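Assemble the complex: chain A is given as a structure, and chain C with the ligands must be docked to it using the hints.
Chains A and C are the protein sequences, given in the same order.
With the numbering used here applied, the first sequence covers 1 to 546.
With the numbering used here applied, the second sequence covers 1 to 546.
FYI, nobody ran anything at the bench for these hints, they're computed from the structure.
Where hints are given, some of them may not hold.
Quick list of in silico lysine to any residue cross-link-like pairs, SDA-like style, CA-CA up to 25 Å [to be verified]:
hint, chain 1, residue 1, chain 2, residue 2
1, A, K541, C, R8
2, A, K390, A, K507
3, A, K446, A, L423
4, A, K459, C, G41
5, A, K446, C, L293
6, C, K207, C, L293
7, C, K459, C, T357
8, A, K459, C, L44
9, C, K541, A, N118
10, A, K446, C, D526
11, A, K178, A, R15
12, C, K260, C, S231
13, A, K446, C, K127
14, C, K524, C, E469
15, C, K127, A, D120
Computed from a predicted model, the values in this text were never measured in an experiment.
2 protein chains.
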Amino acid sequence: MKDLTVGRYLIESLRKIGLNDVFGIPGDYAINFFKLMEDEGINLIGTCSEQGAAFAADAYSRMNGIGALCVTYCVGGLNTVNAVAGAYAEKAPLIIISGAPGVSERNSGYLLHHMVRNLDSQFNIFKELTVASTQLTDPYTAASEIDRVIKACLAHKRPVYIELPRDMVHQKCALPLKEADIPVYKNLCATKEAIEEAVQIIKDSAKPVIIAGVEIRRYKLEDKFLELLESTGLPYATTPLGKCVIEESHPQFIGTYMGKIGLEKVRRYIEEADSVIILGALMTDTNLGSAQLDITRTIYATADCLNIKNHCYKDVDLGDFIEGLTRELKDIKRHLIDTIEVHEEDDFEVISDNSITVSRFFKRFGKFIRPDDAIVCDIGDSIFGSINLKLPENTIYLGPVFYTSMGYAVPAAIGIQIANRNLRTIAVVGDGAFQMTGHEISCCVKYGLNPIIFILNNKGYTTQRHLREGSYNDIHNWSYHLITELVGGGLGLEVNTEEDLEIALEKAQKNTDSFTIINVHTNKHDKSDTLHRLTTIFSSKLGCSQ
Amino acid sequence: MKDLTVGRYLIESLRKIGLNDVFGIPGDYAINFFKLMEDEGINLIGTCSEQGAAFAADAYSRMNGIGALCVTYCVGGLNTVNAVAGAYAEKAPLIIISGAPGVSERNSGYLLHHMVRNLDSQFNIFKELTVASTQLTDPYTAASEIDRVIKACLAHKRPVYIELPRDMVHQKCALPLKEADIPVYKNLCATKEAIEEAVQIIKDSAKPVIIAGVEIRRYKLEDKFLELLESTGLPYATTPLGKCVIEESHPQFIGTYMGKIGLEKVRRYIEEADSVIILGALMTDTNLGSAQLDITRTIYATADCLNIKNHCYKDVDLGDFIEGLTRELKDIKRHLIDTIEVHEEDDFEVISDNSITVSRFFKRFGKFIRPDDAIVCDIGDSIFGSINLKLPENTIYLGPVFYTSMGYAVPAAIGIQIANRNLRTIAVVGDGAFQMTGHEISCCVKYGLNPIIFILNNKGYTTQRHLREGSYNDIHNWSYHLITELVGGGLGLEVNTEEDLEIALEKAQKNTDSFTIINVHTNKHDKSDTLHRLTTIFSSKLGCSQ
Ligand SMILES: Cc1ncc(C[n+]2csc(CCOP(=O)(O)OP(=O)(O)O)c2C)c(N)n1
Ligand SMILES: Cc1ncc(C[n+]2csc(CCOP(=O)(O)OP(=O)(O)O)c2C)c(N)n1
Numbered sequence: 001m002k003d004l005t006v007g008r009y010l011i012e013s014l015r016k017i018g019l020n021d022v023f024g025i026p027g028d029y030a031i032n033f034f035k036l037m038e039d040e041g042i043n044l045i046g047t048c049s050e051q052g053a054a055f056a057a058d059a060y061s062r063m064n065g066i067g068a069l070c071v072t073y074c075v076g077g078l079n080t081v082n083a084v085a086g087a088y089a090e091k092a093p094l095i096i097i098s099g100a101p102g103v104s105e106r107n108s109g110y111l112l113h114h115m116v117r118n119l120d121s122q123f124n125i126f127k128e129l130t131v132a133s134t135q136l137t138d139p140y141t142a143a144s145e146i147d148r149v150i151k152a153c154l155a156h157k158r159p160v161y162i163e164l165p166r167d168m169v170h171q172k173c174a175l176p177l178k179e180a181d182i183p184v185y186k187n188l189c190a191t192k193e194a195i196e197e198a199v200q201i202i203k204d205s206a207k208p209v210i211i212a213g214v215e216i217r218r219y220k221l222e223d224k225f226l227e228l229l230e231s232t233g234l235p236y237a238t239t240p241l242g243k244c245v246i247e248e249s250h251p252q253f254i255g256t257y258m259g260k261i262g263l264e265k266v267r268r269y270i271e272e273a274d275s276v277i278i279l280g281a282l283m284t285d286t287n288l289g290s291a292q293l294d295i296t297r298t299i300y301a302t303a304d305c306l307n308i309k310n311h312c313y314k315d316v317d318l319g320d321f322i323e324g325l326t327r328e329l330k331d332i333k334r335h336l337i338d339t340i341e342v343h344e345e346d347d348f349e350v351i352s353d354n355s356i357t358v359s360r361f362f363k364r365f366g367k368f369i370r371p372d373d374a375i376v377c378d379i380g381d382s383i384f385g386s387i388n389l390k391l392p393e394n395t396i397y398l399g400p401v402f403y404t405s406m407g408y409a410v411p412a413a414i415g416i417q418i419a420n421r422n423l424r425t426i427a428v429v430g431d432g433a434f435q436m437t438g439h440e441i442s443c444c445v446k447y448g449l450n451p452i453i454f455i456l457n458n459k460g461y462t463t464q465r466h467l468r469e470g471s472y473n474d475i476h477n478w479s480y481h482l483i484t485e486l487v488g489g490g491l492g493l494e495v496n497t498e499e500d501l502e503i504a505l506e507k508a509q510k511n512t513d514s515f516t517i518i519n520v521h522t523n524k525h526d527k528s529d530t531l532h533r534l535t536t537i538f539s540s541k542l543g544c545s546q
Numbered sequence: 001m002k003d004l005t006v007g008r009y010l011i012e013s014l015r016k017i018g019l020n021d022v023f024g025i026p027g028d029y030a031i032n033f034f035k036l037m038e039d040e041g042i043n044l045i046g047t048c049s050e051q052g053a054a055f056a057a058d059a060y061s062r063m064n065g066i067g068a069l070c071v072t073y074c075v076g077g078l079n080t081v082n083a084v085a086g087a088y089a090e091k092a093p094l095i096i097i098s099g100a101p102g103v104s105e106r107n108s109g110y111l112l113h114h115m116v117r118n119l120d121s122q123f124n125i126f127k128e129l130t131v132a133s134t135q136l137t138d139p140y141t142a143a144s145e146i147d148r149v150i151k152a153c154l155a156h157k158r159p160v161y162i163e164l165p166r167d168m169v170h171q172k173c174a175l176p177l178k179e180a181d182i183p184v185y186k187n188l189c190a191t192k193e194a195i196e197e198a199v200q201i202i203k204d205s206a207k208p209v210i211i212a213g214v215e216i217r218r219y220k221l222e223d224k225f226l227e228l229l230e231s232t233g234l235p236y237a238t239t240p241l242g243k244c245v246i247e248e249s250h251p252q253f254i255g256t257y258m259g260k261i262g263l264e265k266v267r268r269y270i271e272e273a274d275s276v277i278i279l280g281a282l283m284t285d286t287n288l289g290s291a292q293l294d295i296t297r298t299i300y301a302t303a304d305c306l307n308i309k310n311h312c313y314k315d316v317d318l319g320d321f322i323e324g325l326t327r328e329l330k331d332i333k334r335h336l337i338d339t340i341e342v343h344e345e346d347d348f349e350v351i352s353d354n355s356i357t358v359s360r361f362f363k364r365f366g367k368f369i370r371p372d373d374a375i376v377c378d379i380g381d382s383i384f385g386s387i388n389l390k391l392p393e394n395t396i397y398l399g400p401v402f403y404t405s406m407g408y409a410v411p412a413a414i415g416i417q418i419a420n421r422n423l424r425t426i427a428v429v430g431d432g433a434f435q436m437t438g439h440e441i442s443c444c445v446k447y448g449l450n451p452i453i454f455i456l457n458n459k460g461y462t463t464q465r466h467l468r469e470g471s472y473n474d475i476h477n478w479s480y481h482l483i484t485e486l487v488g489g490g491l492g493l494e495v496n497t498e499e500d501l502e503i504a505l506e507k508a509q510k511n512t513d514s515f516t517i518i519n520v521h522t523n524k525h526d527k528s529d530t531l532h533r534l535t536t537i538f539s540s541k542l543g544c545s546q
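In isolation and in its complexed conformation, chain A is listed as follows (with noise of 0.2 Å):
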């Protein structure tokens, strides 16, 4: 039998919760993992940069429900650290594992290469942007420290750090005495009384709504919500993180709210309403942060908190308050009166020599998805001119909505094929956000993957444009689709009119061997309509008025 070692039990950890694959770059503090690793038959995904490996298992861990990461000590991990953040932000269960100097070699006395200001900066670093972290530099509780920090990330959903000494990987080390446990603190006499109280609120309300936040998803309450809606009859919004959280084909559906930012039907249909129950949301300035909610009619639970109107309760488990609301609640299940039909369904007539505007890309776009598909938008208008789309059954929808870093789509579309390479995966992206990680796109021809590849091309920094322009707007003009030569695959399109458009929509549905690209030109002020609304209301934040 093969000894336990720290090296093989984090491995059998990572198993132990379906996680068989890790994406990474090695190092020399890395490569005795990897090679174990590799030995023990994980399934590594190698990236051209450690920002696209991090931004690939974040998209990883929101189809999977959880992925892992594994890099070499500073240069590698120190690379991750904004994706990381955006994974803390939006709650993407993250186990970042680091290589690191060995224990044996912490006092030789020199300046080990990749080390900043001592031993511990990068795990100091990592506290921030983590719910848990460890070193591993003891064997007695290597193990135990692994289990907890892993049930830490599950139970949180935040990004956790584990950083493995070179000299570890091989050591021997005990089995944990106990089963780690991260207390949960339910107060089941709180929980009763709030739901009496939101149960009162409601039944009270002539026209209540739900909000329904990216919580949902990351709890797997999906059943429990839909068991919801389907006793209720209530109508439901999304926030824009929490878009396609269950099927937008859902008859109770009428939009995703994004307070000002998003649809006036949708805010009109919210705003109006007597009650508003906002289930597992993050109250961000971009999604909520424009909305006129009055506190008093509204509910607000989550992972972390439960308010009513100005009040809160604590400890209670937003599974179990769905699950009290659905039970009170079947009684006043009604028919559903006067939701919004958000989504015109307007017909899409090509006018085939039409330079492309965004909205009509958006439009045509919205066609050209079918049931199943997973779509990845980059921050800018890829994200805004999506976010209204009504998509069809079992979509799955990701963009950084909140912490909105660019460069997550394509090495996220690289993670969601990982995950599953049966999906038909596309990503929109602007001109920006592809000069930021679109190389990745080299992982589809190493790893035979083929998403679709929109880039929006408007020259520039459009979403900066409309807060306040300047040359630092402007970027270099790439001829995106022929990206295919430097990487070796692929196919490229070019876009210019409606017409190219069709032609290309075409090609890319038949091309199923390989990468598609397709470069359509924009005009660098056009604008979808959503941000227009939110550069109006993000200029008027610039706290200056020239």
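Showing chain C with the ligands alone in chain A's frame:
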């Protein structure tokens, strides 16, 4: 007269220390300041990603003595963490200016987009990476805070962080009440005693030798160091990071010292000397880690401390110490004895059909370099293969030899040419490193720069292969020379044989209008002698025999 505002004061402060170029990418939290910089005539350099901007600014700083970077909150700032860590580790003074949410919007009760754990997350992270940092939240103290932080940058030659909330940019501010003072402790008695002791040791030695490090350049001590050499006739080596700190054509120069990793002749010369004076070198595992220096014969002076044998002196200024040695050692000036001729002047004869080996490549490359060229090498065999080249007068040599993050060279080449457009700039970069940041080559087209970029294309992470082979060291092959198609500019060349290389060098020489990129194919296992020695030593450090 224009109002004195926080933004204007910051810009004036940059100007005062000779900075008119700022690298970076805007975002809504930073765009007020971007606009102001543009209006005030600052030269803004926009790269593809913030990491590229940071690497470029780092190289600019190594050329110019100081560099600056402006980014937006979190998504921008956290994207630079790895590059800034490198600047910290290798002492490149860098001013990082980050936008941030306005002071007036901090208590909105909403999570603000780009936020991680809380509003101070980014500030906390940068504390680990800088010698001084500030959040400019108070118009009364903003100017004096700016002074303090910039002074610290100049004094310690390491990064500093300035967080500028967006609503502070146009706020009127107060002038500092007094000059910021960074206390400089100079102990003159200790200095005198240390010089006396060192001089005695050197006088008692038959064969003293000097090792010069990077701080000679950072603290602009080149002239003082040269005087010491001229007045004493002592032979000297440099550390890898100190390469080209003064001209390698100097007759007393014996080579680059890296302990057992470096050339055997240099190692023996140094380790057989009966006293070693180390001036301004970081004590790292990649330079002195494998050295066998007898500490009882070693004088080791840096900007932070001075060690002679086993005792240490505090508060001795490095420049004062060098001057003292020069003064007191004038009389020992002697004929230069037995300096070795490290660099065999071997002729290079092209063997046309030969495929390219790393050592033959660098032999030929050495002859391609002209006086005044700037060379920048990425980590991997690009650095190791080039580290023992004897470079002509006035050559500048940059490379992250201690922190050793991949992806430095291409953005650094841009930083070098922004600092001085007249320098012929040559980058050597591995295929792995190029896949991380090589797309920044796009900036060459954007800004009309013309570096020559060699890709050492050995189809993977060769440095790692020699530590522990596995499929994780394979990367997807690109047609690197075809990146010209993607970015719409530059001259791309492919090299398989020595004859191809000759042709490519000639074309590169002539092509001064655009960048040249040369895809040099080598064998995936081939390595330089230095890399061979390094991986042999490093393998033994992996801490296990498996
Ligand atoms: C990594 C990163 N840097 C900077 C920003 C600030 N920012 C937000 S939108 C934007 C412009 C995005 O340009 P592009 O990707 O072309 O999309 P567009 O706005 O043109 O639709 C910028 C620079 C960001 N969100 N992320
Ligand atoms: C950002 C970063 N990630 C990982 C490493 C660890 N590492 C050191 S050398 C190396 C391989 C470099 O490959 P390449 O650039 O092709 O150069 P080669 O070793 O083949 O000369 C790696 C992965 C690093 N130094 N920096």
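Problem - List of violated hint numbers, smallest to largest - result: 5, 12 and 13
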